[in-house]
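Colleague: Listed below, chain by chain, are the residues.
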Amino acid sequence: MTERTQFRVRDFDCPTCASTVERVLRRADGVEHVAVHYTTGRVEIEYDPAVADPADFESAIESQGYTPQVT
Amino acid sequence: MTVREYYRKHRTAVVTATSGLLYAGGWSLGYATGYDTASALVLVFAAVIGGYDVAKHAYYELRSWTIGIKTLVTLAAVGAVAIGEYWEAAAVVFLFSLGSYLEGRTMRKTRTALQELLELTPATALVRRDGNDVEVPAREVEEGETVIVKPGAKIPVDGEVVAGESAVNQAPVTGESVPVHKTAGDDVFAGTVNREGALDVVATGTGSDTTLQRIIRRVEAAQEAQSPTEQFIDRFARYYTPAIVLLAVGAFVVTRDVLMALTLLVIGCPGALVIGPPVSVVSAIGNAARNGVLMKGGEHLERAGRIDLVAFDKTGTLTKGETTVASVQGFECDAEKTLRLAGIAEKKSEHHLADAILDAAREADVPESVAAHGAPVVGSARVPDPDDFEVLAGKGVVARYDGREIAVGNRALLDERAVAVPEPVAASVREHEEAGETAVHVVRDGTVVGVIALRDELRETAPRVVRALRDAGVRTVMLTGDNERTARAVAERVGIDDYRAELLPEDKQAAIEAFREEGSVVAMVGDGINDAPSLATADVGIAMGAAGTDTAIETADMALMADDLERIPDAVGLSKATRRNVLQNVGIAVLTVTVLLAGVLTSNVHLAGGMLVHEGSVLLVILNGMRLRRW
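Chains A and B, in that order, give the protein sequences.
In terms of the working numbering, the first sequence is residues 1 to 71.
In terms of the working numbering, the second sequence is residues 1 to 631.
Okay, chain A solo, but in the shape it has when bound:
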């Protein structure tokens, strides 16, 4: 079972910042696929709901100093 969720981050200020967030998310438990798009600020995550907690994704983004918005 895979579920998808997406966030929007409006305050990325450099491409490497976006790829850092991508790396951090990829390491989270139960995450199967992550794409962080610097140009649109969109964060796409595919995860296994049995293992991962979507709330952790938000705190992972916040841990890098950015503000995720749920859309």
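It is possible that part of the hints are untrue.
Below, simulated EDC-like cross-link-like pairs (lysine to aspartate or glutamate); rule was C-alpha separation at most 20 Å, straight line [unchecked claim]:
#: 1; chain 1: B; residue 1: K9; chain 2: A; residue 2: E62
#: 2; chain 1: B; residue 1: K56; chain 2: A; residue 2: E3
#: 3; chain 1: B; residue 1: K154; chain 2: B; residue 2: D200
#: 4; chain 1: B; residue 1: K320; chain 2: B; residue 2: D355
#: 5; chain 1: B; residue 1: K154; chain 2: B; residue 2: E119
#: 6; chain 1: B; residue 1: K56; chain 2: A; residue 2: E46
#: 7; chain 1: B; residue 1: K9; chain 2: A; residue 2: D29
#: 8; chain 1: B; residue 1: K109; chain 2: A; residue 2: D11
#: 9; chain 1: B; residue 1: K56; chain 2: A; residue 2: E62
On the chain B side, residues computed to face chain A include the following (Cβ under 8 Å) [said to hold, decoys possible]:
#: 10; residue: Y60
#: 11; residue: I275
#: 12; residue: V282
#: 13; residue: A598
In short, the hints are calculated from the structure, not lab data.
Heads up, the beta-carbon is just placed ideally off N, CA and C, and yes, glycines get one too.
Got chain A sorted already, so can you dock chain B onto it with the hints?
Modeller: Using the frame of chain A, we list chain B on its own:
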């Protein structure tokens, strides 16, 4: 707004400005009095204020085992303070904060452009439930419910008009600047604006399942898809960054100059190179979307920038695709009888010419009793069914009625059935074809009894579009299944450079293939369904009328939301401008990095100056890319 709220909202700006002021103060102090302790303190203070957020992000980066630009800048600032270069420390931090602030601000503008489109859809809808009009959140409207749209209001759902009459401004969805007249039976889109009349609309798509939402998802996916240039730069950056680190280490080993090594690390980052091309592409795709052109991604945009030949399908693209009977001429019987015979023969045919003939036959067929009493004729179905009927693909139809054989078709059909064509008939057909019409023969029992000429009106914009493309140095070709003479006449009227006639669908595809083999970069304009193979074969497939259908954009690389040909020269121009813009940005970035690296290695450029130029180049490419938003 309280001071606290203001500070929270504009924190970065306030911090950057404070750091800048302190920096200027510290510098003036040092300039007036020499670098004394007071000046140094102010400068360190400036570095701490401006650098606090940067250092915080650096800490986050390190905590997740990555070294990013913020770690490098923090390192450089701390290093500069450690060796007593307070001025450099304050300057590098201030310039970096300023650069990031401006970069974040401009990128946010690009990111929210699409969100603004979303906000076009009203939050609530007036729905008729159990005879009452109730206001509900727009996303809770169910399919099939009737929504009331008042004059001046935005339409909250996709749907079909069932009552009322009005003009609707569809610019947000189709890019058309002129309002479109809507009455019962017409489709309307969520996010468009109703003008003077009230409309009752039965919802067909609500919430995230509306045309506007689909467009936004498409556009976003397109903006995220990397163009070949972006992919190349990403791969390049993967080697480049470690190479800069090695260079910095090497420089330190050779010169023992900490500041130089740090400077290399900080300004060697490929900032402008990585940011420039995506900003150009995103701005251009956003611009196109606002003007009713969907681009599937940067790759297609880059290819479209090299187009030098545009092939147009004729029917429905250069013409309106609404074939009507232009004239009927009887030879062995009168015109009315000719039309009636043709109507009977074509009744069961599904060809688009058949529809036009049948419509004309029904209109002309006024039952005598009704005509005598002057009663209105309402869609009489008095054209009888044929007893027998056969389609001969590419030639015409043959039917039997009342013991007689009726054939309707082109010259090939007559030749096949060995029907003699008298000279007056041939002359009449020639005349119609030279006028750009399609002529069919009506044959009864082996004798030509009449000729029916059919016309498909040109789009008024077609000649202008062809001219605009030619002015831009692009060759134009028309592809059609029509006969040579009709094709030539239409081509002349449109002013198109070249045409290919009598093509079957697979021949169109072969024609595109041939143009490509000649070395042309070919765009094909057609409708997404019938012309799908040719659209797929062309370097850039451009589908017409994509609003409402998802299939068009599936097969094409670019789609026109409205059937507005005039968007094509604009889209080609925008693509060319984008290509130039991407090259300019790559040029600016490469030039800056080369000059800076050379400057640093020869000790002509120091930390602060290097940072100034580096951040300046990043901002320059962003601003250059954003020009495409207003192209």
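Colleague: Each hint: holds or not?
Modeller: Quick rundown of the hints versus the structure:
{"no.": "1", "hint": "B:K9 with A:E62", "verdict": "holds (17 Å)"}
{"no.": "2", "hint": "B:K56 with A:E3", "verdict": "violated (33 Å)"}
{"no.": "3", "hint": "B:K154 with B:D200", "verdict": "holds (13 Å)"}
{"no.": "4", "hint": "B:K320 with B:D355", "verdict": "holds (15 Å)"}
{"no.": "5", "hint": "B:K154 with B:E119", "verdict": "holds (11 Å)"}
{"no.": "6", "hint": "B:K56 with A:E46", "verdict": "violated (29 Å)"}
{"no.": "7", "hint": "B:K9 with A:D29", "verdict": "violated (33 Å)"}
{"no.": "8", "hint": "B:K109 with A:D11", "verdict": "holds (11 Å)"}
{"no.": "9", "hint": "B:K56 with A:E62", "verdict": "holds (12 Å)"}
{"no.": "10", "hint": "Y60", "verdict": "holds (5 Å)"}
{"no.": "11", "hint": "I275", "verdict": "holds (6 Å)"}
{"no.": "12", "hint": "V282", "verdict": "holds (5 Å)"}
{"no.": "13", "hint": "A598", "verdict": "violated (24 Å)"}
Checked against the numbered hints given earlier, the structure breaks hints 2, 6, 7 and 13 and satisfies all the rest.
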